[in-house]
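Residue numbers (this note's numbering), protein chains in the order written: chain A, 1 to 106; chain B, 1 to 402.
Fair warning: there could be bad hints in the mix.
[Unchecked claim] Simulated pairs of lysine-lysine, PhoX-like, Cα-Cα distance not exceeding 25 angstroms: (1) B:345 / A:89; (2) B:205 / B:159; (3) A:84 / B:125; (4) A:62 / A:100; (5) B:254 / B:243; (6) B:345 / B:399; (7) B:125 / B:107; (8) B:345 / A:84; (9) B:198 / B:254; (10) B:336 / B:379; (11) B:254 / A:89; (12) B:339 / B:379.
[What the hints assert, rightly or not] DEER-style ranges, computed between Cβ atoms: (13) B:235 / A:24: 56 to 62 angstroms; (14) A:88 / B:60: 39 to 45 angstroms; (15) B:336 / A:89: 39 to 45 angstroms; (16) B:336 / A:21: 43 to 49 angstroms.
Hints in this document: simulated from the structure, not taken from any laboratory.
Virtual Cβ for every residue (Gly too), placed ideally from N, Cα, C.
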Amino acid sequence: MPKALLYLTLCALTASASAEAVTAQRQSELHNLVHQDCGSCHGMRLTGGLGPALTPQALAGKNHEFLFITISEGRAGTPMPPWKMLLTKPEIEWIADYLKSPGETP
Amino acid sequence: MDCGLSEKPGGNTVRQFFLLIMLTVLIGTAPAAELRGTGDLGVVVQRASGQLLVVEHSNNTRLAEIDGLGDLSHASVVFSRDQRFAYVFGRDGGLTKVDILTGSIVKRVMQSGNSIGGAISQDGKLVAVSNYEPGGVRIFDADTLDLVADISAEYAPGKVSKTVGLVDAPGNRFVFSLYEGDQIWIVDMTDPQRPDIKRFEDIGKAPYDALITPDGRYYIAGLFGEDSLALLDLWHPEQGVRKILKGYAKHDEKLPVYKMPHLEGWAMAGDEAFLPAVGQHKVLVMNTKTWQQEAGIEVHGQPVFVMARPDGRQVWVNFAFPDNDRVQVIDVASRKIIKTLKPGKAVLHMEFTPRGEHVWLSVRDDNRIEVYDTQSLNKLAELPASKPSGIFFTDRAHKIGL
Numbered sequence: 001m002p003k004a005l006l007y008l009t010l011c012a013l014t015a016s017a018s019a020e021a022v023t024a025q026r027q028s029e030l031h032n033l034v035h036q037d038c039g040s041c042h043g044m045r046l047t048g049g050l051g052p053a054l055t056p057q058a059l060a061g062k063n064h065e066f067l068f069i070t071i072s073e074g075r076a077g078t079p080m081p082p083w084k085m086l087l088t089k090p091e092i093e094w095i096a097d098y099l100k101s102p103g104e105t106p
Numbered sequence: 001m002d003c004g005l006s007e008k009p010g011g012n013t014v015r016q017f018f019l020l021i022m023l024t025v026l027i028g029t030a031p032a033a034e035l036r037g038t039g040d041l042g043v044v045v046q047r048a049s050g051q052l053l054v055v056e057h058s059n060n061t062r063l064a065e066i067d068g069l070g071d072l073s074h075a076s077v078v079f080s081r082d083q084r085f086a087y088v089f090g091r092d093g094g095l096t097k098v099d100i101l102t103g104s105i106v107k108r109v110m111q112s113g114n115s116i117g118g119a120i121s122q123d124g125k126l127v128a129v130s131n132y133e134p135g136g137v138r139i140f141d142a143d144t145l146d147l148v149a150d151i152s153a154e155y156a157p158g159k160v161s162k163t164v165g166l167v168d169a170p171g172n173r174f175v176f177s178l179y180e181g182d183q184i185w186i187v188d189m190t191d192p193q194r195p196d197i198k199r200f201e202d203i204g205k206a207p208y209d210a211l212i213t214p215d216g217r218y219y220i221a222g223l224f225g226e227d228s229l230a231l232l233d234l235w236h237p238e239q240g241v242r243k244i245l246k247g248y249a250k251h252d253e254k255l256p257v258y259k260m261p262h263l264e265g266w267a268m269a270g271d272e273a274f275l276p277a278v279g280q281h282k283v284l285v286m287n288t289k290t291w292q293q294e295a296g297i298e299v300h301g302q303p304v305f306v307m308a309r310p311d312g313r314q315v316w317v318n319f320a321f322p323d324n325d326r327v328q329v330i331d332v333a334s335r336k337i338i339k340t341l342k343p344g345k346a347v348l349h350m351e352f353t354p355r356g357e358h359v360w361l362s363v364r365d366d367n368r369i370e371v372y373d374t375q376s377l378n379k380l381a382e383l384p385a386s387k388p389s390g391i392f393f394t395d396r397a398h399k400i401g402l
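Chain A extracted, bound-state conformation (with noise of 0.2 angstroms):
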């Protein structure tokens, strides 16, 4: 338990201020879906699979609207899907700061 709490302070710390508006229970599922869903092609450790790695050091070169474009809009001529349909602003938002500085990934 005390992980847990310590882990989701951290999320709350490193997102912005317009992820502000994603709940500490939504950020968890956020949480689970990036390393779970998006994990399916970019791996569960985001170190990349049928899709790019989404490290760190791997989006290095990315800004954050670039993060934000791609992940609302997907990317056209690969199996990168729009996900705007399925998640808030904030919430993509808050999956674009979560990858740039992910803290402690359990």
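Position chain B relative to chain A; hints supplied.
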């Protein structure tokens, strides 16, 4: 040896009696003394914790939990022909040989940086692994896990592709596809020291997975980049690859795909094959004599696994996010959905018992396995499992392509 338990005359006899009872109890419960077959065993991948669960499906129980298998996202498993050893292909390039009888790791090698499944040869002596990084297939001695052949998927000078859809084929061959290279390769391992490679180019855009028919004759790759599949007749490789089901989705709007479908375990029932459409919420029915589409069955979401019960009478379908809480059962004779189950959050995989009376489902986000009776469609059992994904029963050991 006197343990000093008794000073009274006759104490020795009492002590010996208790020792005898203790020994009997110990022998009776020691796993090493209990002979058992492996035909009703299987393994479940616990992806998040890097563990493998050994299970048995006669009484639906867990037997052992094995640690230390690394990153098991998208992990898959093949079995040795004696059905004792499981070869586990992890995402992190780890290839692990597990003894399911003793519940222990026999050997583990880190064979690449990033891998996606594998296959075991017809003679059971070679294990091949499909790699994303570096792209290609590496083939190992099934006994020792020593490297036998390293086949780089270089499809153009300096360009190396991720490989997908690796299967075994009769004639001690392996067949796989090149995701970026748009090719299918056949590797003949009759002489393990001299792999003989046949390459088929321009087979279609972005093959993402493939299967081989249960008779080992046809290799079929699903294409992400176009509405068709690539078919190679292994009886007649000289005829080359041809496209089938061309334009199967041309009249429909392409829907987003939140998880790539799998073609392994593709459902063949009689002369019909049932397969997942890509970007459509449909299961396609194809005649395997003509390779023409006969029907499209509307389903709940983007299908991921479309699997026939071993007798071919039912086809079970699970779905991509966000519809992955359901499973639908199609009656093959009427091509109608006869049941929509809602097992729980994120149903990732389904595995039938060898003769199909039961099916096991992994419910990832609810941390459990569910077992269903395929006739009554009632739930029979639940087993706890930590983020379960793939379920693999040992009867796969004797099936071509699995």
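Here is how each hint holds up against the structure:
Distance hint between residue 345 of chain B and residue 89 of chain A is fulfilled; the C-alpha atoms sit about 24 angstroms from each other, no more than 25 angstroms. For the hint pairing residue 205 of chain B with residue 159 of chain B, the CA-to-CA distance comes to about 16 angstroms; that is within 25 angstroms, so the pair holds. Between residue 84 of chain A and residue 125 of chain B, the direct Cα distance comes to roughly 48 angstroms. Violation of the 25 angstroms bound is thereby established for this hinted pair. The straight-line distance between the Cα atoms of residue 62 of chain A and residue 100 of chain A is roughly 9 angstroms, inside the 25 angstroms bound, and the hint therefore holds.
A threshold of 25 angstroms between alpha carbons decides the hint, and for residue 254 of chain B with residue 243 of chain B the separation of about 20 angstroms falls inside it, so the pair holds. A hinted pair counts as satisfied when its Cα atoms are at most 25 angstroms apart, and residue 345 of chain B with residue 399 of chain B does not qualify at roughly 31 angstroms. The suggested pairing of residue 125 of chain B with residue 107 of chain B holds, with an alpha-carbon distance near 15 angstroms, which does not exceed 25 angstroms. Between the alpha carbons of residue 345 of chain B and residue 84 of chain A the distance comes to roughly 21 angstroms, so the proposed pair stays at or under 25 angstroms and holds.
As the CA atoms of residue 198 of chain B and residue 254 of chain B are separated by approximately 34 angstroms, the hinted pair breaks the 25 angstroms bound. Among the hinted pairs, residue 336 of chain B with residue 379 of chain B is consistent with the structure: their alpha-carbon atoms are about 21 angstroms apart, no more than 25 angstroms. Taking the CA atoms of residue 254 of chain B and residue 89 of chain A, the gap is near 23 angstroms; set against the 25 angstroms cutoff, the hint holds. Between the alpha carbons of residue 339 of chain B and residue 379 of chain B the distance comes to roughly 13 angstroms, so the proposed pair stays at or under 25 angstroms and holds.
Separated by about 59 angstroms at the C-beta atoms, residue 235 of chain B and residue 24 of chain A satisfy the suggested range of 56 to 62 angstroms. Between residue 88 of chain A and residue 60 of chain B the beta carbon distance is about 41 angstroms. The supplied range of 39 to 45 angstroms therefore holds. In this structure, residue 336 of chain B and residue 89 of chain A meet the distance hint of 39 to 45 angstroms, their C-beta atoms being roughly 41 angstroms apart. Judged by the Cβ atoms, the range 43 to 49 angstroms given for residue 336 of chain B and residue 21 of chain A holds: they are separated by roughly 44 angstroms.
Taken one by one, the earlier hints fail for this structure at numbers 3, 6 and 9, listed in ascending order.
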